[in-house]
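Chemist: Keeping the supplied structure of chain V fixed, place chain F upon it in accordance with the hints.
There are 2 protein chains.
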Amino acid sequence: MPTPLAYNAFVMNTASHIQHGQWRHPEARQGDFNDVELWIGLAKTLEEGLFDAMFFADVVGVYGPSGGGYEVFAKEGLQIPSNDPSVLISALAVNTKHLGFAFTSNVQQEHPFNFARKVSTLDHISRGRVAWNIVTGLQENGARNFGTDGLVDHDKRYDWAEEYVDVAYKLWEGSWDEGALLKDKENGVFSDASRIHKINHVGEYYRVEGPHLPSPSPQRTPVLYQAGASPRGRQFAAEHAEAVFLRAPSPKIAREGIEDTRRRAIQAGRRAEDIKFFQGFAFIIGRTAEEALAKAEEFDAYASADGYLAHANIGTRPDGSVYPPETPLSELETNSSIGLLDWIRRGITDREPTVADISDSLLRNGRIVGTPAQIADQLEIWQDEGGIDGINVMNWRLPDSYTEFNELLLPELQRRGLAKTEYVQGSLRTKMFGADRLNERHPATRYRGAFAEAVVEA
Amino acid sequence: MPTPLAYNAFVMNTASHIQHGQWRHPEARQGDFNDVELWIGLAKTLEEGLFDAMFFADVVGVYGPSGGGYEVFAKEGLQIPSNDPSVLISALAVNTKHLGFAFTSNVQQEHPFNFARKVSTLDHISRGRVAWNIVTGLQENGARNFGTDGLVDHDKRYDWAEEYVDVAYKLWEGSWDEGALLKDKENGVFSDASRIHKINHVGEYYRVEGPHLPSPSPQRTPVLYQAGASPRGRQFAAEHAEAVFLRAPSPKIAREGIEDTRRRAIQAGRRAEDIKFFQGFAFIIGRTAEEALAKAEEFDAYASADGYLAHANIGTRPDGSVYPPETPLSELETNSSIGLLDWIRRGITDREPTVADISDSLLRNGRIVGTPAQIADQLEIWQDEGGIDGINVMNWRLPDSYTEFNELLLPELQRRGLAKTEYVQGSLRTKMFGADRLNERHPATRYRGAFAEAVVEA
Chain V
0 MPTPLAYNAF VMNTASHIQH GQWRHPEARQ GDFNDVELWI GLAKTLEEGL FDAMFFADVV
60 GVYGPSGGGY EVFAKEGLQI PSNDPSVLIS ALAVNTKHLG FAFTSNVQQE HPFNFARKVS
120 TLDHISRGRV AWNIVTGLQE NGARNFGTDG LVDHDKRYDW AEEYVDVAYK LWEGSWDEGA
180 LLKDKENGVF SDASRIHKIN HVGEYYRVEG PHLPSPSPQR TPVLYQAGAS PRGRQFAAEH
240 AEAVFLRAPS PKIAREGIED TRRRAIQAGR RAEDIKFFQG FAFIIGRTAE EALAKAEEFD
300 AYASADGYLA HANIGTRPDG SVYPPETPLS ELETNSSIGL LDWIRRGITD REPTVADISD
360 SLLRNGRIVG TPAQIADQLE IWQDEGGIDG INVMNWRLPD SYTEFNELLL PELQRRGLAK
420 TEYVQGSLRT KMFGADRLNE RHPATRYRGA FAEAVVEA
Chain F
0 MPTPLAYNAF VMNTASHIQH GQWRHPEARQ GDFNDVELWI GLAKTLEEGL FDAMFFADVV
60 GVYGPSGGGY EVFAKEGLQI PSNDPSVLIS ALAVNTKHLG FAFTSNVQQE HPFNFARKVS
120 TLDHISRGRV AWNIVTGLQE NGARNFGTDG LVDHDKRYDW AEEYVDVAYK LWEGSWDEGA
180 LLKDKENGVF SDASRIHKIN HVGEYYRVEG PHLPSPSPQR TPVLYQAGAS PRGRQFAAEH
240 AEAVFLRAPS PKIAREGIED TRRRAIQAGR RAEDIKFFQG FAFIIGRTAE EALAKAEEFD
300 AYASADGYLA HANIGTRPDG SVYPPETPLS ELETNSSIGL LDWIRRGITD REPTVADISD
360 SLLRNGRIVG TPAQIADQLE IWQDEGGIDG INVMNWRLPD SYTEFNELLL PELQRRGLAK
420 TEYVQGSLRT KMFGADRLNE RHPATRYRGA FAEAVVEA
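The listed protein sequences correspond, in order, to chains V and F.
Read in order, the letters of the first sequence are residues 0 to 457 in numbering that gives the first Met the number 0.
Read in order, the letters of the second sequence are residues 0 to 457 in numbering that gives the first Met the number 0.
Hints are not guaranteed to be accurate.
[To be verified] Derived BS3-like pairs (lysine-lysine); straight-line CA-CA distance at most 25 Å: (1) Lys-430(V) - Lys-275(V); (2) Lys-43(V) - Lys-43(F); (3) Lys-294(F) - Lys-182(V); (4) Lys-419(F) - Lys-43(F); (5) Lys-96(F) - Lys-96(V); (6) Lys-419(F) - Lys-43(V); (7) Lys-294(F) - Lys-184(V); (8) Lys-43(F) - Lys-96(V); (9) Lys-184(F) - Lys-294(V).
[As the list claims (entries may be wrong)] From chain V, some residues computed to sit far from chain F (all C-beta separations above 12 Å): (10) Val-61; (11) Leu-91; (12) Arg-116; (13) Gly-141; (14) Lys-184; (15) Thr-287; (16) Leu-339; (17) Thr-348; (18) Ala-355; (19) Gln-382; (20) Glu-403; (21) Leu-407; (22) Lys-430; (23) Gly-433.
[Unchecked claim] Which chain F residues face chain V? A few, computed with CB under 8 Å, are given here: (24) Arg-23; (25) Ile-39; (26) Ile-124; (27) Gly-146; (28) Leu-150; (29) Trp-159; (30) Lys-182; (31) Tyr-205; (32) Arg-206; (33) Gly-338; (34) Glu-406.
Think of the hints as simulated: they come from the structure by calculation, not from any bench.
Think of the CB as a built atom: it goes at the ideal place given N, C-alpha and C, for glycine as much as any other residue.
Looking at chain V on its own, in the form it has when it is part of the complex:
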């Protein structure tokens, strides 16, 4: 029997996250994302399906070129409007027992002192089921919502992220010693100040005195997700991440990325098994192959080429409008060395690739169509040849994509040992790695006990 894969539901607090146009289907409910009941129902469905976590993507601006309009994004519901995922989590946590909640937050949007406190609070509320997807920001408009002229240089953003996580690690791991919280009613000692420390962080981006305000939460540091694909991003993931999100085009490419990241992790003093890799898939499941293909046709019919193009950034003109589908790739005004374009050019050699090939490629990215047995066959290949540890299950429709997963695919996956049949008890990190807290190889743990003298000076 294979090792069971882990399963996350990849969602966003918006109408059109990845599979654009699908919100228009009569059964689709993702357009009702303002309604908390949609999310509570979905969280319960995911827990019934033994999903490990609900993974919230997020952005803090509209896509598109600097200074461009956002007509297509508004029309498509493409990540605008969108809501803050972090304040939704407690409503879902109190309606579930095991499901983890990963949410995305970029280093520009919130000061690390406030962010670290928020995460600790959520970890208390959920009893240790919170994960953070660390991102550096990828939208010009997002940067300009926070006072900068635009995105700072890519590698510089990672330097910023390094300091950001450093501040958070100090607060989560170093500010409160174990045993500082006493709640001793008889002696009137709520906590022991000699075991609570200022962090006195002084860096290039932040000065933070501390102490951390919350007492240690079940996991202290949340489970850390990252999705960096660039060399600098991959290095960051190797050093910091416990889970990495991939959208590799083949098992072979997945394996190369996984092995490279693991090699870097080992060089940084960690072990290969300290990081789990999740490949993104969008399943189209039929009881028969014919039914699956008919469903795929229906999804194609609702797909919005404009949405995929706009989401890709490269599919829009400098004013924010979308290129007509017949536009040859050679006419795109982009100086971006996007891997996708190279990928399309390598795949289409008998004619000039066009903008329509971009949207088509994105629509098909990560899609697996078939019966439960056919899909499970594919996942076995991805596990064996790609070396993936888990899957980020993307959706076409909320909540249908996940109720179908539970009803049709999960039994087959369980039968083959590709999916667990019950939850492990305990925190999200316990479910993933067997312990509530980060292991001692993670860089955050160097701050345990590191500030023990600060209180003497205070």
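Modeler: Frame of chain V, contents of chain F only:
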């Protein structure tokens, strides 16, 4: 019959908020504030008692002088440890239907773009039951957690707050026109970009491009709370607040403050009834006067003088330690012109007032001891002579103080018409002022339609 008063429960996501030492009582559960079940139970209790809102105080640092220690604060559980109230609200909102949720957030702790999005999300989740208590920060350590050397000058903090609320108002009121959200499945138009606007804010503290990411929530701008007592703070409240929190020492002083604030509001183009005033009280309720006095003795027995002194700032030395109770006020090393000290000196003329008089005065601040009838008599006086609109009910113990309120005091208040007997349907602002949205006299509403041309330039 009098007009019913409004009732808020004044709480904090911490062990010892205002009534220090009480967490040590065997029945007290506030020490379990990390447990979300405590809060869910309390929210349900408050809704059973027809409370209008649960009002969360908050701070983002430890009290005490600059560079001082925090031994007494840790020992007392005095606002450290503490958790972020904002991420708790959705868990409470989905377990209630009518109760409002006011939370405190200061202008330094979170960027207004992120904050405005968070509030809009909470207003969607709660279906219009969110209020924001605007504060400028009052702790040196809090300021140093966010990169400044300490608190900026008091009046300067209000200038900063003016720009902060300005950015938030632009996002809440001006960025999305009514009707921009279409969710039109047939025509494939989720929202209409021509009715969604960038705000292009450029000020002294912030540059924010926009547009706001959430679609308009039920209230758009949350109900606005403020508690400024200084002239500058009172002016800010007069211009911006819809609800003001008082802790006046007498009905006469309450009335003076209310009339002054209302006069300023009228000068700013608003009406007297646009602001509601909530006086803070801590009830000790007995079925008989003897029982009430016995309870008061029990609270006194658990009260921590050190806690009250430390909380007052003036009660601690520059190193953060608490003065001995017999210390004469004249020996305090404080250059702060705290009204409390003047108040004590005016009340004690036959001897030298001491530090013990500070803690005693704070312990008795806002306390009303008696039978339901005796307490209701007092509230009638405060309503008639003080002119208050509502009460912030402080607590001694969670959840007992509120279950006792419901069981013992509420029936008497309802009998006299001092408390409502059922909820008004609708949002928090509808319950308080009869409409979901701010009225046109509020300064935020000048941004309605103000950015309509921005999209043409985009």
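Chemist: Next step is simple, just say for each hint if it's right about the structure.
Modeler: A quick look at each hint next to the structure:
1. Lys-430(V) - Lys-275(V): 12 Å, holds
2. Lys-43(V) - Lys-43(F): 22 Å, holds
3. Lys-294(F) - Lys-182(V): 23 Å, holds
4. Lys-419(F) - Lys-43(F): Within the cut-off at roughly 17 Å; holds.
5. Lys-96(F) - Lys-96(V): With Cα atoms ~23 Å apart, Lys-96(F) and Lys-96(V) stay inside 25 Å; holds.
6. Lys-419(F) - Lys-43(V): 37 Å, violated
7. Lys-294(F) - Lys-184(V): Holds: Lys-294(F) and Lys-184(V) sit about 19 Å apart, inside 25 Å.
8. Lys-43(F) - Lys-96(V): 21 Å, holds
9. Lys-184(F) - Lys-294(V): Satisfied, since the Cα-Cα distance of roughly 19 Å is no more than 25 Å.
10. Val-61: Answer for Val-61(V): violated, closest chain F Cβ roughly 7 Å.
11. Leu-91: 8 Å, violated
12. Arg-116: 5 Å, violated
13. Gly-141: Its Cβ does come within 12 Å of chain F, the nearest being 9 Å, so this is violated.
14. Lys-184: Given a closest Cβ separation of 5 Å, the condition is violated.
15. Thr-287: Non-interface label on Thr-287(V) holds, nearest chain F Cβ at 29 Å vs cutoff 12 Å.
16. Leu-339: 25 Å, holds
17. Thr-348: Given that every Cβ of chain F is farther than 12 Å from that of Thr-348(V), nearest at about 34 Å, it holds.
18. Ala-355: Consistent with the label, Ala-355(V) stays out of reach of chain F, its closest Cβ about 18 Å off (over 12 Å).
19. Gln-382: 36 Å, holds
20. Glu-403: Holds, since 21 Å exceeds 12 Å.
21. Leu-407: 26 Å, holds
22. Lys-430: Consistent with the label, Lys-430(V) stays out of reach of chain F, its closest Cβ about 20 Å off (over 12 Å).
23. Gly-433: Holds: least Cβ distance 24 Å, greater than 12 Å.
24. Arg-23: Where the cut-off is 8 Å and the nearest Cβ of chain V is about 5 Å from Arg-23(F), the hint holds.
25. Ile-39: 7 Å, holds
26. Ile-124: 5 Å, holds
27. Gly-146: Nearest chain V Cβ about 5 Å off; hint holds.
28. Leu-150: 13 Å, violated
29. Trp-159: 14 Å, violated
30. Lys-182: At about 5 Å, which falls below the 8 Å cut-off, the nearest Cβ of chain V leaves the hint on Lys-182(F) intact, so it holds.
31. Tyr-205: With a closest approach of 6 Å, the Tyr-205(F) hint holds.
32. Arg-206: For Arg-206(F), the interface hint holds, since the closest Cβ of chain V sits about 5 Å away, which is under 8 Å.
33. Gly-338: Constraint on Gly-338(F) not satisfied, violated at 28 Å.
34. Glu-406: 25 Å, violated
In terms of the numbered hints stated before, the structure departs from hints 6, 10, 11, 12, 13, 14, 28, 29, 33, 34, listed from lowest to highest.
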